[in-house]
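Make the full structure from the sequences, and use the hints.
If you read the protein sequences in the order shown, they are chains A and B. So the first sequence is numbered by the numbering used here: it starts at 1 and just counts up by one. So the second sequence is numbered by the numbering used here: it starts at 1001 and just counts up by one.
Note that these hints are calculated values from the structure, not bench results. Certain hints may be false.
As the list claims (entries may be wrong) - Result set (PhoX-like, lysine-lysine): computed pairs, CA atoms no more than 25 Å apart in a straight line: (1) K1256(B) with K1588(B); (2) K1351(B) with K373(A); (3) K1283(B) with K1380(B); (4) K181(A) with K1525(B); (5) K228(A) with K1588(B).
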Amino acid sequence: MNSNTNRRDFLSTASTATLGALAAGCPVTSAEAKAKIDSLKSTADTVIVLWMAGGMASTDTFDPKRYVPYEKGLDPKRVLSTFPAIDTAVDGLKFTEGLEKIGAVMDRGTLIKTYRAADLGFILHSRHQYHWHTAYEPPLTVAAPHIGSWISRSLGPLNPDLPAFIDIGQTFDSGEKESLKAFHTSGFLGSEFAPFFLVEPDQAVEAVKPPVGMSDTRFAKRYQAYKKMLAESPIQQHGSEYQRESLLKSIDNAQRLLSSPKARKAFDLSLEPKESYDTYKVGGRFGLGCLLARRLTEAGARFIEVTHGYYPFKYWDTHDNGHTRLKQLKAMIDAPIAQLVLDLEARKLLDRTLIVLASEFSRDMMMEGKPEKRVKDQVNVPPKIDGLQHYGMHRHFTGAGSVLLFGGGVKKGFVYGETADERPCTTVKNPVTTEQLHASIYRAMGIPHDHHYNVEQRPFYVTPDGTAEPVMELFG
Amino acid sequence: MFIFLAGLLIPVAAPANPEPRKMPAAVQRSVDFAEDIKPILERSCVNCHANGKRKGGFSIDHLHSFIAGGDSGPAVRQGKSAESLLIELVLSNDPDELMPSKGKRLSLDEVALLRAWIDQGLKWEKGFTFAKFRNAPVAPRKVVLPDGPEANPVDRLLAPYYSKHKIDPAVTVPDRIFVRRVFLDTIGLLPSPGEVAAFREDKRPDKHMHLVEELLQDKKNYAEHWITFWSDCFRNSYTRQYHGGGGKRITDWLKKSLEENKPYDQFVRELINPVGGSDGFIKGVAWRGTVNASQVVEMQAAQNVAQVFLGLNIKCASCHDSFINDWTLKQTYSLASIFSDGPMDVHRCNKPTGDKAQPAFLYPELGTIDAGSPRKERVKQLSEIITSPKNGRLARTAVNRLWAIFFGRGLVDPVDEMDNPTWNQDLLDWLAVDFVDHGYDLKRTMSLLLTSRAYQRPSVRLDEDAEEFVFQGPVVRRMSAEQFLDGIDQVIVAAGKDAPTRHTGGKRAGMRNLDRLMRTLGRPKRDVVVTRRESTATTAQLIELSNGKPFANIMVKGGKAWKGSGHAADAIVGELFANAIGRSPSEKEMQSAQSVLGSPVNAQGVEDLLWMLAMHPEFQLIH
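Next up, the structure:
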């Protein structure tokens, strides 16, 4: 697939089809911005975000510190990691126990140890997640687009038969659902660039088929009859009316996607060989989401996010039993993520696919916030640990967190940033902010960090004011 | 920038021995004025040749003044950059000639851009000027209604406009188009076939007026339609519960206010200085944690009051003095601090400046806020100043919003930038004063607009490429999410015997909580103010309508309902056409539609025909 042609085609279509967009006061891409995207050499065509929603403790995953095994009466201040460290494929780089498989593919990836979450005061997961996904802090006067929407708006689909931005695994039925909806949106970019939601990877194919109960034949016939009916309409149509055109063009696009054998194949996990399917299945819904992401990448998706979903106090949101729960969580992600890397590599897609594993912030047993910006504690930590329920990283730590990157032009077997060996295990060298992380992802995709669209006469940038620079050391 | 009387100016910073420069070729791509040209002109020219300054008699404030040139003659020859004085002067070696006369000379890349711009026909951003930002007058302006044969004041005021633009005022749409348009615009519902027929058969010359009045008196449906528009404006989400106490609902107050057609000045006063149930608008959206200084609830209140009631954008000026209008950080803070319990610390780009804000209204000539009084008193003063008859801006903004809703484009556009020029000042000013003179009665102004012949004109497409907007009739619009879903429900309900008209069979879409289907169809989440929705279709929407479960279920329900209606195939087709798109099918359409229904008629066939009609441009578009 020639991605450059598609990209340029999309941009030119977008610019000629802006009549309606203009009428609705929609954002406009400038000629200069278009030229810039074309001239900036990308290192990736697709982004896969593996979202560890809830706050993944780095010292119990990818950045081990002093391990103190559980015993009754333990002083929590002594514990930095609740898992022993293990070797990885990279000399001198250790992970915690339970991440052996990802460790084994680290010679293909980069670990950022020093992701620093923003200072947003009294911690609220959904607000940090909003910030991570948009680079903007709510509330705002303009609805900020999700990074996936920015990318699909800027580059268009890689394969026009697939939605450009696919979001796998998040539902909106938890206690913070309204806050989650606030950033799972294309915002001012308009609904054309909104995420295409898939909840159950096993049933993803239903989203690219005719509705349940309707055969392909009937679906095709319905559309043919529809087109015939339009042709037969006795009402004189106004020459080229953009409202009508946009409607007919959109129906045509939808019909094409919902009838496309290629799209359907990509979405259909039942077509995957059993052995491969089972490898991913170990990780449950999240694992199958990784499998789906791989298949969609092969088919030409532009931006994919996979998550088990954010649900208060569930998954990585470990307010209790952190150690016990992380055992399960690591078992959930280890094999599928390693397999995703290997599969993409085997298909020669890893070089042009950027995988980003991240979470809104890290966790620590003692510290809430970061050393220089402590915030109100939310979790009670007893002076002596008298049960496993208290053994784990239960407070929200924003001083240093882990981000894994694979493929898409990033260095292989590389570690960026240093964290302290003693509490608070915070950033001591090379901090990376959310904005820099975004700028780096955009850079990989060939989008300048000051790329913007004008809304209400003012420029709205991919990162606030377009000032965040990519971390170029990450790239090979 | 480049034309002056030699000898009068002494160039200072021109390079002592400038390298001779060859004329670069024009760039090949199409250049964009805003992105490519404006920055060059802004950096190198505006100091001497804009904003009222005309060195050498040359001003670039407007395209026409640009082309006209200065004392040395025309600055450019359109389409012929190589022969344009502008290019000659920016490349010149002669320090007496070289432009800009001060500062850095233009790079060859920039010259190549300017050449391309001239060659490509000097495209200028429509309405753009380098001149100081325009500030429209705030005071009301009385316009004497001219004499004329037209009964409706709107038409009378438009008469000179029509003759100037050679528009035949007599052209109007057929009855069925009018009925559908006015139903959707007043109560958001489709007319039943019976209601269309009754109107067609009505022989009264003033039947349009009767219908408009009747619809505006349908209080329940009026309120349940207009609550959508106002909830978008006031960020009134039915479901939002951010952690942090944001987003208090005003639904009950709003619905009641609409049902009783609360005078607009009172409506605004109650939103600013809340009564029971109306405080959500000023309370704003809060998230737990610390918030950027430009987004504290007091600033939100200031921004939203300015945007919704006055058509002013002070969002930029919440961080720093605005780059897009004259509003300053200080003014925004003054407005915000009316809503603050204590004095507010002014922050520029989230950093304290050390200044304290002094409560004041944006237009001090309209009234003074007593800075020493408690918050409650200040807010009350603001609510009175803003709704004082001296504030023509409040009324202009409101009538302009109504105009834009009914005609698809405002008298001033965009509707939230009321300092922009209008295409018909007399009409805007007359409507605004009439609105105030009649007790801020929204329905009266609506009635004036809807009973005008202007509103009966055939719909037109909006030509954004046109140099100047010319009003020719209402712009074609697409149904809102709520109108669309209500309309489908109506078509389904109509299958029942003696089905009530103006009924969707359940809670109307605009009264329901936001769901995925409505969200996809464009109903906003209401976490930011939305005064106008996107009206073009998107692929995402049509995917949802083609295979999404909620809509597929509605179609199945409709298929069953009509199959079970007991009608014969031709009657089903006829009824569906009449209910959905307000006309009978042609012979061909009848034949094709019947073959879709199957023989004998099956529910799936009816379902498919219903879907086809729901996707029909004649259904989704308001002509």
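Structure-based check of each hint:
no.	hint	in the structure
1	K1256(B) with K1588(B)	violated, 48 Å
2	K1351(B) with K373(A)	holds, 17 Å
3	K1283(B) with K1380(B)	holds, 15 Å
4	K181(A) with K1525(B)	holds, 8 Å
5	K228(A) with K1588(B)	holds, 10 Å
Violated hint: 1 only; the structure is consistent with all others.
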